[in-house]
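Number of protein chains: 2
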Amino acid sequence: MQKISLKEIESMDKRFRTDLINSLWGVRPAVLVATENSSGQSNLAIFNSVIHIGAHPPLVGLIFRPDSVDRHTLTNILDQRFYSLNFFTKDLINKAHHTSARYPKDISEFDAVGLTIDRREDFNAPFVKESPLVIDVCFREKIDIQVNGTHMVIGELQQLYIKENSISAGGWINHDFLGTIGAGGLDSYYSYSLEKRMEYAKPDLAPREKL
Amino acid sequence: MQKISLKEIESMDKRFRTDLINSLWGVRPAVLVATENSSGQSNLAIFNSVIHIGAHPPLVGLIFRPDSVDRHTLTNILDQRFYSLNFFTKDLINKAHHTSARYPKDISEFDAVGLTIDRREDFNAPFVKESPLVIDVCFREKIDIQVNGTHMVIGELQQLYIKENSISAGGWINHDFLGTIGAGGLDSYYSYSLEKRMEYAKPDLAPREKL
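Protein chains in written order, with our numbering: chain G, 27 to 237; chain X, 27 to 237.
The shape of chain G in the complex, shown without the other chains:
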């Protein structure tokens, strides 16, 4: 095993350190967050900081850096309270990644990267028409993280839209079948292969695979 200490990390070239630490924590779900401002100007930004906060009520967190390109997204969420999380598939990686370019505020990333914007009558945020899984979310809580000045925004699911026949009889979603993509670090994209499902673990039973 190769050991790397915090001291060594702190003395690394900035770019090397950023790539190392951003890819360190594994592969995380990649989503496009769609918002709009009070003038109806839409915004679309890629995030890999989606975090499950609770199932009942269904809550989801997103992390925002204080000085990042996603400032339009944060401003829009706090102003408008509604946003959508749009998962994407392998064929959309290039477009999804390109939403991270620093476009001026009056340019919609939907147009710039070539994804189709759509809106629903009953929800005040746009969504990505090509997405196989769209989750409409309403803002609930903003938490300021003291230790480094980042923010966590927590929202509650309002409704979800998923490709037909993607939910199993028991409620579970197979992301290998659905084809959603994960991000490792700032620039790498992975697909998933389901290895196995396990039965609920009990101390007096050996591990049992769900068949």
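One or more hints might be untrue.
Note: identical chains are not told apart, hence a pair may lie in one copy or across any two.
The calculated lysine-lysine pairs, modelled on PhoX-like cross-linking and capped at a C-alpha distance of 20 Å, are [claimed, not checked]:
{"#": "1", "residue 1": "Lys116", "residue 2": "Lys33"}
{"#": "2", "residue 1": "Lys222", "residue 2": "Lys236"}
{"#": "3", "residue 1": "Lys116", "residue 2": "Lys155"}
{"#": "4", "residue 1": "Lys131", "residue 2": "Lys189"}
{"#": "5", "residue 1": "Lys40", "residue 2": "Lys222"}
{"#": "6", "residue 1": "Lys155", "residue 2": "Lys29"}
To be clear, the hints were calculated from the coordinates, so they are not data collected in a lab.
Here the structure of chain G is known, so what remains is to put chain X in place on it, guided by the hints.
Frame of chain G, contents of chain X only:
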């Protein structure tokens, strides 16, 4: 697309709802969190709520439910301040999943599931000897999430141990090569296939794949 509203979700059978919402947010990194209490009793618990909080300093978050089986882990972290995050590979899925069984407090999950405990002279938490990536973390901040009573614990990387030759020339870690596993929901485990890496996105350039 199939639409499911919050109202429909709230009226679902509890088990169906739990499986749906837990698998909804995609595939997340799976890690074993190793701790010990003041008597030196070790604990090992599986988590899929690892979240990158920042690269400089390198900070990582974990979500804890108020009433969950991971209470030993939270107590140990708050008491001892040190813990390790142990990624695992395909061959260890059964053992890793089985740490979620509700063992009594005086049983170490290392022994119960058959993973090898090891300790380092310079760090006050155990680790999993079979892991290809171990990150030693020191507690920094506990955040209470108002909206549902969960907690986020943030820690700072102290050192990391990774399988030899797993870091690219630029600092990036390929999790397909390293073989780490992701969890979708409470019971399903996925491996990763790297699809592509992308160059830094610029408004005036088309998306470019990193070759």
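Comparing the hints with the structure gives:
Proximity of Lys116 to Lys33 under the C-alpha cut-off of 20 Å is found in neither arrangement, the shortest distances being 38 Å within a copy and 32 Å between copies. In this assembly of identical chains, Lys222 and Lys236 lie within 20 Å of each other by CA distance solely inside one copy; the values are 7 Å within and 32 Å between copies. For the homomeric pair Lys116 and Lys155, the shortest alpha-carbon distance inside one copy (15 Å) is at most 20 Å, but the shortest distance between copies (35 Å) is not. Taking the shortest alpha-carbon separations for Lys131 and Lys189, neither the intra-copy value of 32 Å nor the inter-copy value of 43 Å comes in at or below 20 Å.
In the homo-oligomer, the alpha carbons of Lys40 and Lys222 never lie at most 20 Å apart, since the shortest distance is 39 Å inside one protomer and 23 Å across protomers. Taking CA atoms no more than 20 Å apart as the test, Lys155 paired with Lys29 passes between copies only; the shortest distance there is 14 Å, against 45 Å inside one copy.
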